[in-house]
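Given only the sequences and the hints, what does the whole structure look like? Please build it.
Under my numbering, residues 809 to 1076 are what the sequence shown spells out, in order.
Please note that the accuracy of each hint is not assured.
[Said to hold, decoys possible] Restricting the straight-line Cα-Cα distance to at most 16 Å, the calculated cross-link-like pairs of lysine to aspartate or glutamate (EDC-like) are:
#: 1; residue 1: 936; residue 2: 890
#: 2; residue 1: 943; residue 2: 888
#: 3; residue 1: 936; residue 2: 888
[Stated by the list, open to error] Pair by pair, the computed Cβ-Cβ distance ranges are:
#: 4; residue 1: 923; residue 2: 862; range: 32 to 38 Å
#: 5; residue 1: 1025; residue 2: 1002; range: 45 to 51 Å
#: 6; residue 1: 1002; residue 2: 974; range: 30 to 36 Å
#: 7; residue 1: 974; residue 2: 1060; range: 29 to 35 Å
#: 8; residue 1: 917; residue 2: 956; range: 45 to 51 Å
#: 9; residue 1: 871; residue 2: 1026; range: 33 to 39 Å
#: 10; residue 1: 1040; residue 2: 894; range: 37 to 43 Å
#: 11; residue 1: 929; residue 2: 1015; range: 22 to 28 Å
#: 12; residue 1: 847; residue 2: 894; range: 16 to 22 Å
#: 13; residue 1: 974; residue 2: 815; range: 40 to 46 Å
#: 14; residue 1: 1049; residue 2: 871; range: 17 to 23 Å
Read the hints as simulated data drawn from the structure, not as lab findings.
Here a beta-carbon is modelled for each residue, glycine too, at the ideal position from N, C-alpha and C.
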Amino acid sequence: MPGRLQNKVAIVTGSASGIGRAIALLFAAEGASVIVTDLQESSLLAAAEGTDGHLTTVQEIEKAGGRAAFVKANISVASDVEALVEEAITLFGRLDIMVNNAGTGEDRKKIWEYREEQWDKILNINLKGVFLGTKYASRQMVGQQAGPSGDKGWIVNIASIWGLAGQSNYTGYTAAKHGVIGLTKTAALDCAPHRIHVNALCPGFTNSAMTHHVFSDEALKSHLLERHPFRGLGEGKDIARAALFLASEDASWITGVGIPVDGGYSSM
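Here you go:
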């Protein structure tokens, strides 16, 4: 059977490692041609995440028989993101799916200790980057021909459970992820007349090389495991499966929402 994304073209930002890599690999397995985007094509984080970590995301996709290309881009720079979308068109002819996944974490600080430089950095990457990705992807999608389903595109923004609730010690991160949810809702309304879907995923605590330092504290890890009704931690593939749903025709009547993918954590 053809994959759920057969003949679709997708950009996944921050996809050299972690959640972005998992999304890119699954999309390719489901038939999409994937533009892998990051600051570097190779990632030490990816090498720590699986048996094929020595392969780049593009190499792993091609090894499995899929189609992919790497485009270097800084998602907080408008000219980079505009060029990224243009390169997708040059390589594959159109853009059906944009996953704004790239982001960064931060050190724990109370708000009265929080540095303005840190605020600017986090908002620049975690919110402005999503804005730019949504802006340039939607601009392309509005002007292109609709697919067989009548839809022109799907945009999936990676927010966080801290985009749905408050969290102490993470001033910039929490503010940025709330901003992603607001941006998603507004963009969904702008894009709806053009049959462009704009939704967000809100991952909870997810096991990856990037979060290993958090879970190295056994007391904290034990506390977090107990806070999840399903017990345990999420994996990149859990977020990827939810992204696949929102990027497919299965989500044809869904736009403007932020869906938690957190093992029930946010319901506690």
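Hints, one by one, checked against the model:
no.: 1; hint: 936 <-> 890; result: holds (13 Å)
no.: 2; hint: 943 <-> 888; result: holds (13 Å)
no.: 3; hint: 936 <-> 888; result: holds (13 Å)
no.: 4; hint: 923 <-> 862: 32 to 38 Å; result: holds (37 Å)
no.: 5; hint: 1025 <-> 1002: 45 to 51 Å; result: holds (47 Å)
no.: 6; hint: 1002 <-> 974: 30 to 36 Å; result: holds (34 Å)
no.: 7; hint: 974 <-> 1060: 29 to 35 Å; result: holds (33 Å)
no.: 8; hint: 917 <-> 956: 45 to 51 Å; result: holds (50 Å)
no.: 9; hint: 871 <-> 1026: 33 to 39 Å; result: holds (36 Å)
no.: 10; hint: 1040 <-> 894: 37 to 43 Å; result: holds (42 Å)
no.: 11; hint: 929 <-> 1015: 22 to 28 Å; result: holds (25 Å)
no.: 12; hint: 847 <-> 894: 16 to 22 Å; result: holds (19 Å)
no.: 13; hint: 974 <-> 815: 40 to 46 Å; result: holds (42 Å)
no.: 14; hint: 1049 <-> 871: 17 to 23 Å; result: holds (21 Å)
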